[in-house]
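Please build the complete structure, drawing on both the sequences and the hints.
Number of protein chains: 4
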Amino acid sequence: MNYLQFDRERPLDLILLGRVAIDFNPLDYFKTLAQSETFKKYVGGSPANIAVGLSRLGKKCGFFARVSDDRFGDYVTEYFDNEGIDTSRIRRCENGEKLGLTFTEILSENESSILMYRNDIADLQLDVQDIDEAYIKQGKALLISGTALAASPSREAALKAVAIAKRTHTPVFFDIDYRPYNWKNSDEIAIYYSMVAAQSDVILGSREEYDLTEALIEPGRTDAQTAVYWQGRGAKIVVIKHGKQGSTAYTCDGNSYSIKPFPVKALKSFGGGDGYASAFLYGLFEGWEMMDCLELGSASASLLVASHGCSADMPSVEKVRAFIAQCKKEYGEMVARS
Amino acid sequence: MNYLQFDRERPLDLILLGRVAIDFNPLDYFKTLAQSETFKKYVGGSPANIAVGLSRLGKKCGFFARVSDDRFGDYVTEYFDNEGIDTSRIRRCENGEKLGLTFTEILSENESSILMYRNDIADLQLDVQDIDEAYIKQGKALLISGTALAASPSREAALKAVAIAKRTHTPVFFDIDYRPYNWKNSDEIAIYYSMVAAQSDVILGSREEYDLTEALIEPGRTDAQTAVYWQGRGAKIVVIKHGKQGSTAYTCDGNSYSIKPFPVKALKSFGGGDGYASAFLYGLFEGWEMMDCLELGSASASLLVASHGCSADMPSVEKVRAFIAQCKKEYGEMVARS
Amino acid sequence: MNYLQFDRERPLDLILLGRVAIDFNPLDYFKTLAQSETFKKYVGGSPANIAVGLSRLGKKCGFFARVSDDRFGDYVTEYFDNEGIDTSRIRRCENGEKLGLTFTEILSENESSILMYRNDIADLQLDVQDIDEAYIKQGKALLISGTALAASPSREAALKAVAIAKRTHTPVFFDIDYRPYNWKNSDEIAIYYSMVAAQSDVILGSREEYDLTEALIEPGRTDAQTAVYWQGRGAKIVVIKHGKQGSTAYTCDGNSYSIKPFPVKALKSFGGGDGYASAFLYGLFEGWEMMDCLELGSASASLLVASHGCSADMPSVEKVRAFIAQCKKEYGEMVARS
Amino acid sequence: MNYLQFDRERPLDLILLGRVAIDFNPLDYFKTLAQSETFKKYVGGSPANIAVGLSRLGKKCGFFARVSDDRFGDYVTEYFDNEGIDTSRIRRCENGEKLGLTFTEILSENESSILMYRNDIADLQLDVQDIDEAYIKQGKALLISGTALAASPSREAALKAVAIAKRTHTPVFFDIDYRPYNWKNSDEIAIYYSMVAAQSDVILGSREEYDLTEALIEPGRTDAQTAVYWQGRGAKIVVIKHGKQGSTAYTCDGNSYSIKPFPVKALKSFGGGDGYASAFLYGLFEGWEMMDCLELGSASASLLVASHGCSADMPSVEKVRAFIAQCKKEYGEMVARS
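Chains as they are written, first to last, in full-length UniProt numbering: chain A, 1 to 338; chain B, 1 to 338; chain C, 1 to 338; chain D, 1 to 338.
Calculated directly from the structure, the hints in this document are not laboratory data.
Treat each hint with caution, since some may be false.
Remember, identical chains collapse to one label, so a pair may be satisfied in a single copy or spanning two.
Calculated pairs, SDA-like style, for lysine to any residue (alpha carbon to alpha carbon, straight line, at most 20 Å) [stated by the list, open to error]:
#: 1; residue 1: Lys244; residue 2: Tyr257
#: 2; residue 1: Lys31; residue 2: Thr77
#: 3; residue 1: Lys31; residue 2: Asp74
#: 4; residue 1: Lys166; residue 2: Gly220
#: 5; residue 1: Lys137; residue 2: Pro219
#: 6; residue 1: Lys236; residue 2: Asp7
#: 7; residue 1: Lys244; residue 2: Thr38
#: 8; residue 1: Lys244; residue 2: Tyr181
#: 9; residue 1: Lys166; residue 2: Asp211
#: 10; residue 1: Lys166; residue 2: Gln225
Here it is, written out as structure tokens:
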């Protein structure tokens, strides 16, 4: 069943709105960040990773963003160009704001932490002036990264994009993507997450992220209650993630579909979510069955946590499929489907 | 017909959220502000005026506000206490923010302008921490002044209050109360006005204010289209004002009721809206017919524009009724209703 | 003896740098500010008062200032024009900053307090770009009001003006004029006051103000030590005020001259210092003996505390002289000199 | 001749005030910053490098600084501890300010550029509260890095430290260390540089840096004029650098001493100045002849530009001496002295 109707005439598959940043991952890992001495740089930021992921899967993406007016701004823009992402709506900051940086500490395969540079940050300078209806009408769907809601003026730029998406019948995907930085308090989080969730067709988040979203409405919901509530506000698909326990997609016809992670030797504990999102959304655009969407998402997630980078290691369809085939051969057909 | 159900058990009639300020109106008026030399000070600010108005009409009001931690903060708090308004949720600012000031230029009875002091302003410091469910549950209704949405953290405080009101089945009144100060751009206005309007039971505004509210949804609506749209989102009563041409209340049963101003010799061109709102809402709380609500509102508005002050000249029920009776005697029963 | 040499070719007597503001003094005084209901507006701010005072005494003044871009900015500029003060270097603010306001509480003739509006304030927006050598070279002397040092960018504008004054052999007068507003801590006060004092030819201040100035150099000095120290840095005249006990001018030839207040029925406890400064500096420009300068200053101070306004009540030479003559007739020739 | 008298009783040789930061230098250099993929991290920031340099030469340093309250703050503090630098006056920031980052682009041995992260920066949060007389009295000298003057509150902290140094007879070294970041305009630079230069015993800067310092006093001076002027204000030694043409120390007895760079194969074009300063100041503390101070400084500078890091490659006395000896053997005794 197709839960969403995409306008096939529109040239872009997905327009993403949110941050582009740079990751510095240690090459001498399994040490503290203070001890790690050499770092490899990657384009990062959750929506940037998803855009690269979808592009490598063959989908055409556009991006609303602000980047720094310096060599790092050049770097990420050129990287997007090389990946085939349309950068016509990526603008430079005008007051010296800098691109976000994420320095990763990889203590072990299960323990990672990050040190973020997000003061006076480029991505949150996205402005209502940057958002135009003409561009949104070129996209089959719009993805809002929740981090874009953390502060003005990016917050209002995102809310304007959602308003225009509704007016132009463009499905809205909401990747809650909670990051504690830049938010002032939990009430703000609840207010703005719930505002976008109520206007979204597809919502992706962890249980903790839904709890943040629902804090002013009704705390303590079960997954099923969460799904019913947001479907009552218009959502077609509500995906709720539980880390290593797997995730479930609740569809507006009352069904639910669950997937587990694929077995893999992890190198780091992050990046999986962006692999998941890009591959899952790829399936949606292709009109696949929900279980197939989830399987591709879960396999991509597993590949990502086993890699050193995020954007740089986003796989092709062939690579994910080969990985799934190999896992099934090794562990059985139901390896992730439980 | 009663469009709204109030919980008669709740001790406060209306809890208002918004600004308390000070007006300085010239005593030597019909001059430019530069030429006017002596000024009389009044408690002001649209929601403050409405609170005083409703109190004088016999209703019990509470108020969520931040005021300055100085003698002007003392002044407005004591004034509210004297008027019988509950000031338990009026908190002092902690970082030197000052109470808003409005200096009025009265050039003629038709030409007024204002010079506002609203930099680093006390009222916009209202914070999500200031808003508590226990208090909202004591009010039969909650009134949000649109000016409170102009900037953070007051913006989120107002949105939190609305969220709690919805959760606690407290009717929400939205007085759009547009002031150009403090807003950054028209998209912001459209985003936040529409967000509160979509959750309100009663909306009060001028045609221009509805245009601002609807700018990202569908510009150029007629009054009837506006009423139908917001009633579709849950509003029971949509009041649209057209200045001297009068105003119309559209009710959710598909009816509409119009009123014109009462004839009066104006001294100034402001303050009428707050007299209107307080008397109209008084009628709603009393369960009156819509036309009677509107007539009281229109009569109070006329009394206000003929007075030097705003809060200080809010009339008692007896005074408005006497004025209506006198107008009807002089100009005929249908003086404002035609 | 002439302690200062003025370049008689220069068309302006004094160029002042600092704040122009508006005073609102209650007409129904001897009440708290909350109780006072009617206010009279005056041009105010210490250097503005001194400029008006000097103009009325027949001297030509210029002014470096920023004022608000609104009707209050019009008001003060027009007022200066009418008083004959050159306003060519008074610029409007560009980001909505407002003119400072001072609301006065007059509880009794000895107890006054003020409530100041100085958030996002126009005068502290004076910028290094506003200061030009061509103008400074037109003035026989430059007066820096210490309040201009309280924050950037006005702080650097004042320091630049001093640097140019030194380069162009323009005597610098420093009116310490301490106001607690806008300063962040006492170290900042000590740093910037001492920086300007060390480059000044004439310094005017109260004992408390010199203590603030010397806090990082050597706290606890006597008046004589203070005078010797600043004269060692180049000062020609050091005036130290002790309120009702009178004041003393220490000159660089090792002499000192003291004056007491003239007997007068005070209405308020402020404004005297500005009357003092303008009349004292008038004497300096005229090349008078030090005692005559002080006597005129003290008499003007007494006239001011007996008046309702400050700028509006600055006296002419004739008026001060008549007042001195009358006091001497009534109380004896040495009434203030003893 | 000893131009400076140090109090041998004081336990610390030099107390430095300024920034501690982190450098990320590319391992795959001779590429653009966008193309470089791997980076090595070093403790950086000019005064931090000088402190490490002096420590390795056997001098005991202290440091007034603010660092970030995160793992990078841990990193630099631990690094200082390991180098034997006293970190008792290195405090953590309290509002999320971050340590400065410098990403270096090394295009060739002559072309380097840097991308700095200095928004909301830790080092400029140094506050007057952080500066205490007790500590300054423990240092034989105080070094102010000019970058600390770029913005408040660090600016006032530096000015307070200078005031206390004067009061406690602690010689002041001023390393102008101009960085365009964080300064608002050239007048500010001139005001604050000249303010500290006028109170300094030793000034170190390039010709361009002295031009910035003198812009409001007298532009266009020769080196000799510059030296005479600042010696007239109290400086004992004025060092003026001309890059590859070498540098000259002007002493207050009217002499001057010049040195040239040692021949070396450069890897990068920065870091030399910090090697120079640390070794030159080492010579001063040792009471060496001026030419010997300069020779050690110049040799250390040459070693630094041939190294990948800055702080990490600061040499020991033995290493610099061995390098000098080898150069003299190869190129002749006067290799740098010509």
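Results for each hint:
1. Lys244 to Tyr257: within (16 Å within a copy, 61 Å between copies)
2. Lys31 to Thr77: between (32 Å within a copy, 18 Å between copies)
3. Lys31 to Asp74: between (31 Å within a copy, 14 Å between copies)
4. Lys166 to Gly220: Between copies only: 18 Å across, 29 Å inside.
5. Lys137 to Pro219: between (36 Å within a copy, 18 Å between copies)
6. Lys236 to Asp7: within (16 Å within a copy, 36 Å between copies)
7. Lys244 to Thr38: neither (30 Å within a copy, 32 Å between copies)
8. Lys244 to Tyr181: neither (24 Å within a copy, 46 Å between copies)
9. Lys166 to Asp211: between (25 Å within a copy, 18 Å between copies)
10. Lys166 to Gln225: Only across copies: Lys166 and Gln225 sit 18 Å apart there, 25 Å inside one copy, limit 20 Å.
Taken one by one, the earlier hints fail for this structure at numbers 7 and 8, listed in ascending order.
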